[in-house]
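Asker: Line by line, the protein sequences give chains A and B. Remember, this note's numbering sits 13 above the position in the first sequence when you count from 1. Remember, this note's numbering sits 13 above the position in the second sequence when you count from 1.
All clues given are correct.
No distinction is drawn between identical chains; accordingly, a pair holds when it is met within one copy or between any pair of copies.
Under the rule of at most 16 Å between Cα atoms (straight-line distance), these lysine to aspartate or glutamate pairs were calculated in the EDC-like manner:
(1) K129 x E335
(2) K342 x E215
(3) K82 x E196
(4) K82 x E197
(5) K226 x E251
(6) K205 x D160
(7) K82 x E195
(8) K199 x D160
(9) K90 x D50
Hints are computed from structural coordinates only; laboratory data are not their basis.
Number of protein chains: 2
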Amino acid sequence: MRIVVDAMGSDNYPGPDVEGAVLAAREWGDEIILVGDRNRVEAELARHDVAGLNIEIVHASQVIEMTDKPAESAKAKTDSSMHVGMGLVRDGKADAYVTAGNTGGVLAVATLYTLKRIPGVRRPALTAIYPFLHGYTVAADIGANADCRPEYLLQFAGMASLYAELALGIEQPRVGLLSNGEEEGKGNQLVKETAPLMRQAEGLNYIGNVEPKEVLSGATDVVIHDGFTGNILLKSIEATASMVRKLIESEIRAGLVTTLGGLLAYPAFRRARRRIDPDEIGGAPLLGVNGVVIIGHGRSNAVAIKNAVGQARKAVQGGVIEAMRARFK
Amino acid sequence: MRIVVDAMGSDNYPGPDVEGAVLAAREWGDEIILVGDRNRVEAELARHDVAGLNIEIVHASQVIEMTDKPAESAKAKTDSSMHVGMGLVRDGKADAYVTAGNTGGVLAVATLYTLKRIPGVRRPALTAIYPFLHGYTVAADIGANADCRPEYLLQFAGMASLYAELALGIEQPRVGLLSNGEEEGKGNQLVKETAPLMRQAEGLNYIGNVEPKEVLSGATDVVIHDGFTGNILLKSIEATASMVRKLIESEIRAGLVTTLGGLLAYPAFRRARRRIDPDEIGGAPLLGVNGVVIIGHGRSNAVAIKNAVGQARKAVQGGVIEAMRARFK
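Looking at chain A on its own, in the form it has when it is part of the complex (with noise of 0.2 Å):
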């Protein structure tokens, strides 16, 4: 398997990146093909030992950033990290690509330049994989179309639920569709539209409407909604998890006592972390373009983007890309 990682991808490029391609490399023996920056790249990886490791660059003389506005600069950069290292996965040069870099960048890449959407599919979609403690939860769509119609949903169902079954083992995955009420007939207006169309669809284990709780709880294996309401519902995850966490601490700190107790319970406090952890997961598809792209966190470490890797392959080896031109033709 050869997987492209984007060495100009994360907010502390290229020494994340380069790591954690390292590590990949030396986890799974795959072949990594490093895109970005040459002299930056050789640099960054001569402080490894990549001694036996299949590990190759390949140049791209400019770099999406963060702070760029994704569809000018996806028009602008045509040799950014993003368009060699999808153009390579598009050219049937590489398997997988791989980023930590601008969201939004690399969705106008791969949609409007490289890859392309997927015959049939009619928007892509952005994914969460959440690390919950029965196990993963796919999320789509958490940001690409923040408007969306029925059928959007429907396909983003179809994908989601693909991905859950080839590239996560989830077999006959459950399907719900974000509401603010279980209840059938509960919803906005798009919800109310699409749970008809949803019930309808072969080949989709429709479990019906689903509130956050179920989503935590682990009663659903992919959760469906629009781009900006499963935006909010990840950040108010991610960020309630922190406020809690925070406030635990600091009353844990208020005493003698309980901070004696805090100390013998870290390692406690550790593994609770480590189980809810983004960085254990690394990256999540999007989906509907035609090749397997996945995008971490930008403040994604060496490990993260590792992991990203390590999703990329379970992608590849699942065959999600063509089971979904299978569904969609």
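Starting from the structure of chain A, add chain B where the hints point.
Answerer: Frame of chain A; chain B shown alone:
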């Protein structure tokens, strides 16, 4: 001050409702009017020491149950504790109405059959008051209007801002519009159309788009969203806080040393929990109807009911309804 408490509101009525009313009468010395089945309320009251308290019972022969369909039951059960209770407020015989009952029922009875809307208000809004680390954040709408127009959101902002200022004592409350990005121009169609109206509105301290992390960190005093999105935000905050707590507890119990640490740190956990405990708020206002209505959780206990009465007192003392009548005239 005379405050009506719905004796038949909570999931376990009339126990928590009556006990909460007793606690409130004792704490603040106000006159409390318990509305509900006289026999059941009297039996419940007999279990408490009410000597010297100013508690009256007004009979209502019907109950809008949690399982009732709001529109139907609001129309059919015209002698419900909701009809009778809000009727007392409408007729000037009481200053506020507090209930832990069927939210949709309250909304329907208030809007269509008793208090009606404040003239000029297009849609009433359900609210939540978040008890975050920094103080309070008022959120509207959390479910009365799944689909909204920009003008509704603008009115929600005006109403929630007045409430934050007059009832909660927050000077020049900062008003944020929930979006999937802080930058101007981010958002779905509704947010994009609402933002300019907010910016131009007089008497509104509008601070722009806010994301969930700003809501949780106290960067805004008021957060405005359509009822669908607001409901998802509220429920995802609740579900995540609960999940993180359970996760930490289970990891602590997984080892002997960490269990000991957890026991020592227990007071800190209890303090942390109390700082974000909805029972400490008790209830939040239904904004836009022509009288003070405070709605609590169905699972309210007596303390929550008492605090909901406290919330009603603040709304009455702050002159919230009079200010809204003036604003929307």
